[in-house]
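Q: These two chains come separately, so use the hints to put the complex back together.
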Amino acid sequence: SQQGEEDPQALSIQEGENATMNCSYKTSINNLQWYRQNSGRGLVHLILIRSNEREKHSGRLRVTLDTSKKSSSLLITASRAADTASYFCATDAFQLSNFGNEKLTFGTGTRLTIIP
Amino acid sequence: KAGVTQTPRYLIKTRGQQVTLSCSPISGHRSVSWYQQTPGQGLQFLFEYFSETQRNKGNFPGRFSGRQFSNSRSEMNVSTLELGDSALYLCASSPSSWGTYNEQFFGPGTRLTVL
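The listed protein sequences correspond, in order, to chains A and B. Heads up: the first sequence at position 106 corresponds to 106 in my numbering, and the numbers run straight through without jumps. Heads up: the second sequence at position 13 corresponds to 13 in my numbering, and the numbers run straight through without jumps.
Derived from the structure by calculation, the hints contain no laboratory data. Some hints here could point you the wrong way.
[As the list claims (entries may be wrong)] Here are the computed lysine-lysine pairs in the DSSO-like style, where the Cα-Cα straight-line distance is at most 30 Å:
id, chain 1, residue 1, chain 2, residue 2
1, A, K70, A, K56
2, A, K69, B, K57
3, A, K26, A, K56
4, B, K1, A, K56
5, B, K57, A, K70
So that you can see chain B by itself, here it is in the shape it has in the complex (with noise of 0.2 Å):
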């Protein structure tokens, strides 16, 4: 099975502006997380996704944004970046309905820098 696949590896924006950032879970595996990961604040939940509901959030403004697709692809929004907004954006897809019961398997992740 393909692993997680997450579009576009890299990404340079300007403040302001906004974004869009795909992952594409491993087939079959219908909850989707993702992740922001800075060398300040380290490794940070932004929400997770099962069939299309988002049903749990981190602690983030409302900047920020997420959806999930029928066939499970989930796309995540940064709206007005700022320059804290630069980071690691992981996402994770899980097997289990029950989300974080189970292991997650991660994608490579998106590098976004804001300038």
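Next comes chain A alone, as it looks inside the complex (with noise of 0.2 Å):
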């Protein structure tokens, strides 16, 4: 089952502007990831942010963390065609009694599509 759902499905925008996706959750955690696919290839991991984290940046990515409303966002600035691709958001769920030994849970994702 889906721990996460990416909000919009499909995003498409002008290259040089701001793409914002947003990822809900079900549970409590521990993580939450952020991975990229391009055109059903291998994942690759883009951020990590820990619960008791509300932001954190790297380059151009900005990635948001409300655990109160099990949500999270990520927002890629000035975007390059070369960011076309799906986005995942990826959660591993906190449990005291399993701790160390989670699984990822994926999002359904978001599909950006940069138009040059």
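A: Right under this line is the structure:
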């Protein structure tokens, strides 16, 4: 079953604009990660944010996490054609009795298209 | 360091056959996870291995199995293939003994087609 749901499912913007994707999840988590996937290939890790963090930056990426709303957002600034890909959030549900042995649960993904 | 490698990259099988997929993690990584990706179900966790032990398992039938060797290389096996097993199978490794607590490094995947 999907833990995370991304919104929107698809997004098309002009090159140079900012892109924002949202992720909602259902249970308490240890961390939330964002991954990028190009055309059915392997996933590339973008950024990880711990449950006790609220915001994190990496280059043109900005991730926020609101554990009270069980949601996260990924902002890509100054988008480029190379950013065209599917973006997934992934969470590992906190389990006190099994800490360290959690599994990653992926959301449904946002398909981002950057128009040159 | 070389990335995660998966072999074969593409595979075509017929219903009822079995298949074995291989994954070599990044050197030094001891945690290996497997995922199935399909258009309908998205990315789903299959299992995770650490030091040759399966630590966690997703909601897949017993036809899906795996193992990890002492050099951390991992294999997954699917027996009695069904059409619905057609998918991209992704392997990921992690440098942490805490599995998914840190970032996962994914391989390019094996595209399995069942006819």
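Q: Each hint should be assessed against the structure and marked as holding or not.
A: Here's how the hints hold up against the structure:
no.: 1; hint: A:K70 to A:K56; result: 16 Å, holds
no.: 2; hint: A:K69 to B:K57; result: 28 Å, holds
no.: 3; hint: A:K26 to A:K56; result: 21 Å, holds
no.: 4; hint: B:K1 to A:K56; result: 27 Å, holds
no.: 5; hint: B:K57 to A:K70; result: 24 Å, holds
Hint violations for this structure: none, all hints satisfied.
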